[in-house]
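Undergrad: Sequence positions in the sequence shown follow the UniProt record's numbering and run 1 to 583.
These aren't lab readings, by the way, just hints derived from the structure by calculation.
A quick note: this is a predicted structure, and the numbers were derived from the prediction, not measured.
Where hints are given, some of them may not hold.
List time: in silico DMTMM-like cross-link candidates among lysine to aspartate or glutamate, alpha-carbon distance up to 25 Å [claimed, not checked]:
no.: 1; residue 1: K568; residue 2: D120
no.: 2; residue 1: K143; residue 2: D400
no.: 3; residue 1: K375; residue 2: D415
no.: 4; residue 1: K375; residue 2: D400
no.: 5; residue 1: K448; residue 2: D403
no.: 6; residue 1: K390; residue 2: D120
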Amino acid sequence: MASAISGLPAFLSARNTKHGHVLSSNLFFSCPNKARKSLNSIRIRSERRESSSIDRRRLLLTSSTLGMSAFRAGKSMAEPFPVPDLSSCKTPPTDLPNGATLDNGGTCCPPFTSGTSPVDFEFPSSLPMRTRQAAHLVDDKFKAKYDAALTAMKGLDEDDPRRFSQQASVHCAWCNGAYLVGSDSMDYQVHQSWLFLPFHRWYLYFYERILGHLIGDETFALPFWNWDTEVGMSIPPIYTDTSLAMYDTNRDACHQPPVIINLTDPTSCDNGSVKSNYANIYTHVVSGATTASLFHGADYRYGSGEVPDNSRSGQLELSPHNLVHVWVGSSSNTNRENMGTLYSSGRDPLFYSHHANVDRMWSIWNDKLGRSNYKDTDLTNSKFVFYDEKKQLVQVNAGDCYDMSKLRYQYQEVDTPWLSGGRSFKKAGKFRPKPAPTGFPKADDQLKSLTAPVTVLVTRPSKTRTKKQRGEQEEILSIQGIEVDMAETAKFNIFINYPEADSTTSYDSPHYAGTFVNFGHGMKGMKSTSKKVGFKVGISETLEDLDADGDESVLVTLVPQATKFLPKTPIKFTTISIEFETK
């Protein structure tokens, strides 16, 4: 998850490599980091994954098809992250937002006895297979069981690492700068990179096992919040019943059932659109996430001297993950606590069901789409540490969670209309005739202001790609030199070959390609700071849908969002171009 208030966006540059055109991208909510400094140099290189060589990677979001790659220092100085030294855990953590309040005596650090060493994780081969159910479909028997388990967890001694408040602080410690490793105090940050999905899968695994242990039920499995289907888009009933331990008061008052999630504007009280939500999910899980770097995020290696930022975030982390976090968090709180900011999100029991569905998206990406995870040992051998159900400190390898069956859990099979329908939600719309490219300025490096929609003509590097080449490379729209005040909320949508687009044109338009969003939220104490960022969107599928894959150039229209999304300081940008990334 990520901070709902003040993300520091960064951008990645692009260059040519032997693998093709390397692209970059950015964007997402990140934890505030007072110690972070901009890098003096950015380098992009290619990484290995299971099926092919590919090029890799607070509140900045994208709702788009993103192309991503990594910027990094040399591999020679990098290696997997080791287990952090719990005795050196920072209190308070270095990256707390202004106005944050901590539980557990003002610390995010877990209980720890000096001299304790973690044991290696052993796969639970003797456990029965556990099935995680859709939260809106669970019966009264499960509801009672879950309530009993969570009540028991909340009632444990304050210094018991299994206690709910201690489990919630796990997220704070790993996400807000409590673990600084190595002589250069490198932040072991588990967001905004390829660490995001493995860390949260392990986190849920141990949390789930503790709950089951407390009620003596090895078959207990967390329910997942099925926000990717219409009937599951509201907060599930088991989380809104005030008599149950799963209830949390710190949720947005205007986002209670029957209101459904709004992935267009998670800060609005308006009901979300099912079609737009489906379009967003399909974009970030399927069409815009064809490679490991696009889906998981870019590499982040111990000893590289790098800094985690928005540029490394994977598609799924950006959205719907981040957007749902902000939608749930309370607008009455300084940082949209609980769910709307990193340090406190684990305090809401809904967090764990939200992340169970994020984890389910990963399983769909692997199993139903047939896509491959990273094999790079700098990721797979990176280590996390958790307390298990017996209060034993356990160290795990990031890559050991890839096979869910070895962890003895699976997901209930439910309908996936956003997946089974493909892009039909867009194709159902009436296509506009191809606009004549004449009369529109060509993309250049001149600074432009987005006080109104801007359309430019962008030349494609190649218009004669074979079917094989289209299958091997993702076409990327790159927008660079975006200037935005990080203290302000700002947003623009991107459309291809539709210069008539305006602020009322929706996500389910076949011409829609993505969205840039910066949520400033006026965080207390936050200084007005202008930043230059970059943004990349994958557009291969959009071009095919528009029958524009053979065109020499396309018209790209950027539409600033109306009403609350119009910042006091207009968004500006310099250049728009098209590149390719090897899948």
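Undergrad: Hints first: check each against the structure and report whether it holds.
TA: Hints, one by one, checked against the model:
The straight-line distance between the Cα atoms of K568 and D120 is roughly 53 Å, outside the 25 Å bound, and the hint therefore fails. Proximity of K143 to D400 is assessed by CA-CA distance (about 31 Å); at most 25 Å being required, the pair is judged violated. Using a Cα cut-off of 25 Å, the hinted pair K375 and D415 is violated, with the two alpha carbons roughly 30 Å apart. Pair hint K375 plus D400 holds up; C-alpha atoms about 11 Å apart against a cutoff of 25 Å.
Among the hinted pairs, K448 with D403 is inconsistent with the structure: their alpha-carbon atoms are about 48 Å apart, more than 25 Å. For a cut-off of 25 Å, the pair hint linking K390 to D120 stands: about 14 Å separates their Cα positions.
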